[in-house]
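*Asks:* Quick note on the numbering used here: the sequence shown kicks off at 1 and runs consecutively.
Derived from the structure by calculation, the hints contain no laboratory data. Computed from a predicted structure; not experimentally measured. Mixed in with the good hints, there may be bad ones.
[Unchecked claim] Here are the simulated DSS-like pairs of lysine-lysine, each with C-alpha atoms no more than 30 Å apart in a straight line:
#: 1; residue 1: LYS69; residue 2: LYS58
#: 2; residue 1: LYS53; residue 2: LYS63
#: 3; residue 1: LYS69; residue 2: LYS53
#: 4; residue 1: LYS55; residue 2: LYS69
[To be verified] Derived DEER-like restraints, expressed as beta-carbon distance ranges:
#: 5; residue 1: LEU72; residue 2: ILE32; range: 37 to 47 Å
#: 6; residue 1: SER34; residue 2: LYS69; range: 21 to 31 Å
#: 7; residue 1: ALA14; residue 2: SER34; range: 14 to 24 Å
We put the beta carbon where it would ideally sit given N, CA and C, even for glycine.
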Amino acid sequence: MRDVSHADFVGRWANFVKDNPNKWRKFHNDFINSQIRSSRGFIERLSRQDNGKEKIVKLYSIKNLQGYKRLLRV
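Given only the sequences and the hints, what does the whole structure look like? Please build it.
*Replies:* This is the structure we're talking about:
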């Protein structure tokens, strides 16, 4: 289970969203975009390693390789 600081943060975030209906979207959008950039960067770095594409397939349990042609360049 997560610690008290996480529960405290969730409570503060909920209050921020409630009190700032027009401001929270930008913060949330920036956070989500940074997570996507981070994930894409990780996949890009992993794909350049030896056997990187095989590691990606295993890590994400990819069964349909044809569905990921662009990612795996198969």
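*Asks:* Work down the list of hints and note, for each, if the structure agrees.
*Replies:* Hint-by-hint comparison with the structure:
| no. | hint | verdict |
| --- | --- | --- |
| 1 | LYS69 x LYS58 | holds, 15 Å |
| 2 | LYS53 x LYS63 | holds, 13 Å |
| 3 | LYS69 x LYS53 | holds, 11 Å |
| 4 | LYS55 x LYS69 | holds, 15 Å |
| 5 | LEU72 x ILE32: 37 to 47 Å | violated, 25 Å |
| 6 | SER34 x LYS69: 21 to 31 Å | holds, 27 Å |
| 7 | ALA14 x SER34: 14 to 24 Å | holds, 21 Å |
Checked against the numbered hints given earlier, this structure breaks only hint 5.
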